[in-house]
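Chains B and V are the protein sequences, given in the same order.
Residue numbers 1263 to 1803, in this note's numbering, belong to the letters of the first sequence in order.
Residue numbers 2 to 328, in this note's numbering, belong to the letters of the second sequence in order.
Hints listed in this document are in silico derivations from the structure and should not be mistaken for laboratory results.
One thing to keep in mind: the hints can contain errors.
Heads up, simulated EDC-like pairs for lysine to aspartate or glutamate below, C-alpha to C-alpha not over 20 Å straight-line [as the list claims (entries may be wrong)]:
hint : chain 1 : residue 1 : chain 2 : residue 2
1    : V       : 73        : B       : 1493
2    : V       : 73        : V       : 47
3    : B       : 1267      : B       : 1704
4    : V       : 73        : B       : 1662
5    : V       : 73        : V       : 40
6    : V       : 73        : B       : 1667
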Amino acid sequence: MRLWKSAWSAAIIIPAAFLAIFFLYPTATMLWRGIWDGGLDLGGVGNVLAESRTWKVVWQTVLQAALGTAGAILLGVPSAYILYRVRFPFQKVARAAATIPFVLPTVVVGVAFRALLGRGGPLEFLGLDQTVTAVVIALTYFNYAVVVRTVGTMWQTLDPRSAQAARTLGASPSRAFLTVTLPQLAPAIASAGAIVFLFCSTSYGLVRTLGSPGYGTLETEIWRETTAMLDTRTAAVLSILQVVIVILTLIVSEKLSSRTAGRLNLRSHHVSPIGKSDAPAAVFTGLVLVVLITSPIISLVARSLTVDGEWSLKNYRLLATSGQGFSGGSSVLEAIGNSLRIGLVATLISLAIGVPLALVLSRQVRGPLRTGQSFLSGAILLPLGVSAVTVGFGFSIALDSPPLDLRNSPLLIPIAQAVVALPLVVRSLTPTLSSIAPGRREAAATLGASPWRVLATIDGPFLVRGIGVAIGFAYATSLGEFGATSFLARPDTQTLPVMIVRLLGRPGGDNYGMAMAGAVILAILAAGIMAAAEAARKDPQ
Amino acid sequence: MKKTCASLALVMVLAACGSETEKTETVTILTHDSFGITEEQIAVFEEETGYELITIAPGDGGVLVNQLILNKDNPQADGVYGLDTFIVGTVLEEDLLDPYTSGNLPDSATDLVVDESLTPIDQGEVCINVDTAWFEENGIAEPETLEDLREPQYAELLALIDPVSSSPGFAFLAATVAEYGDDWEEYWTDLFAGGARIASGWSDAYYADFSGADGNGPYPLVLSYSSSPAAAPDTDYLPSTCVRQVEYAGVVSNAANPEGAQAFIDFMLTEDVQASIPNTMYMYPVDDSVALPEEWQESASLSGDPIIVDPGTIDRGGWLEAFTELR
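Hey, can you work out the whole structure from these sequences and the hints?
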């Protein structure tokens, strides 16, 4: 019992300490520099807050993020049903396809969309180039997978009998969905929605590549203030506004999920063969996958296989080289190796921290413990909502002296990526774990099972089921991570996304072709890892 | 106990990378993200000086300067490379570098020196590039000067780069201020009114917007470099639109290994590195006795009569604020 208690404490203390050292401390140091200049400088803060421009930027950020989130949920929920709740041939392929956008570097997504929507592109007639709409579509595209995965894995575990009962009592299918199924899915939707909203509100590459609709967003303004205007003070105030938005998002998400989250009696995995009544959702999902998800990818693949207007594998053959005018860096093949290795370390770190955390967060507790739990659950999402530039500079000024002089350490990049992946790991595990009826654990305990045995027999199977998705998310996030990684990059640890973006920034058609080929490989790797992690999972009996 | 000692030692090693014990052996250089020298060159440097070279490339010039400012009291790097004409003003104001004059500085580079703490390593020109084939096919005369671009018939063919997010973009903004003085805002208003596009970064403009190079974009005029035509047949640059950009290196104040940083600067000025700069970084050596690659000599030599911007006159914040208001 003593061992159980200390294990339980460690499960709280270690993740909390990890976040405190590798996220809160660097970020807070950076923000503090912005508002402290030999004394508290509230005047400077006031000046920034008094500017109408600041509020326009805040509005633009919130509006774009809200629309992007709404888009991802509207497209993602029906797809979650089709891809996870029913069964059809080539389903795994469809799931993998749905994941690809999430792991593409944002810059590549931006370029792919501009090729479709811009002047001379096949969709130019829509007039969407450089509009808020284009940014919102790209945000939806990018985050669709988060909703599909998070909601889909939850949906599989819902007991279909309550919806069936409603149908027997005369409810129409849509009524049964709206009154029975949707409320049961609400925690997962709210959880995914919060993550998507945070991703959208800190998106940098997409917003910049797709043009400048009106005022920038907080993230682009923070980059502008720090790297172009060299004004870390204003950047810090804007970062604080970002944090406020994160906290409000978390409160809303928490309210939405707790209002509806009855403890569900989850059974193992429910899938049924696809039926006639699934047709509308199936057609809708098919359209989303073909039109929205695959068309930019197809244009990307086609571009990677074209040299001077003819089909060729040359761009792929060049991957063993470091490209023209790029002879100093590692080759793309080496970058792939770096990415896979760094991603593995980052995944291990985020699992070591994330799994205990998910178990802690999913236990039902009361009183002050409950408050602590919500606080922790919110705190782990903060990394998604704080600018990469703030965290990056924070790392370099906060972790700069022994015993924590990590500035030149090879562990820095995996740690930074683990911080970014952690929210996804935890959030993909908790909805399933926390919907285990507490009665089942109590019943087991009453029957004499030790806490360890309860953990292994009640939580265990659900954990095992969720962990494949968590590993996939962690590895894929790490593979695609650009912001923090590029900030900390060293030539010997150059990752594939960083390499792609740098190749894009070099003159010469070969470099551009290699960037496209590299992006295709990145997509295949990430989708493959997702698919493999999922295939390896065992369904509990 | 043994185990504890071993893991403690491991933690210390991990934590102490680059600190105390290794100070005399490594030299850490902060570079912009386009930095590149070959493996062989690194080996030569390490063998000749006995230092292990570590380079960190966190971003463009702006990121470098901020990194230096923020770490002023406890610098991460010994030296810095990649600060250009358009950002060195801030570096000097903030007093971030120690004076150093390299014995390897070639004569041709002495007039590029703007301060004794900045050593010129390479240079380039930001110029309007033109898709010559497009102008031929359409029977339109190519523009020649900045003033020509202002005319609606050319402005609508022009893809520029946001000076806020990209260094060539800012270089061009500085060129227009140098040419037009207080009237620069009117110049840009005309460009925008005529339909000029602003891309967020160089690659976006050159690959997505420009009709030359890859042949996909709709704009036959693009902001790029005088070196770009070397890699793209049927394109050329407009010599009178060029603005000179010099990239400097320096020794960071309070550096742990200033001698190492000096050795690195000397090394960057050796003939071998200077000769490889066009291939590795797409810039021109500052040493004019070094021959340029053949294709550069044919279509991409420096314009010879560029717009020169004095770093001391640059009002970065003010210009960018005013520019943002124009859009």
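Violating hint indices (sorted, rising): The structure breaks hints 2, 5; every other hint is satisfied.
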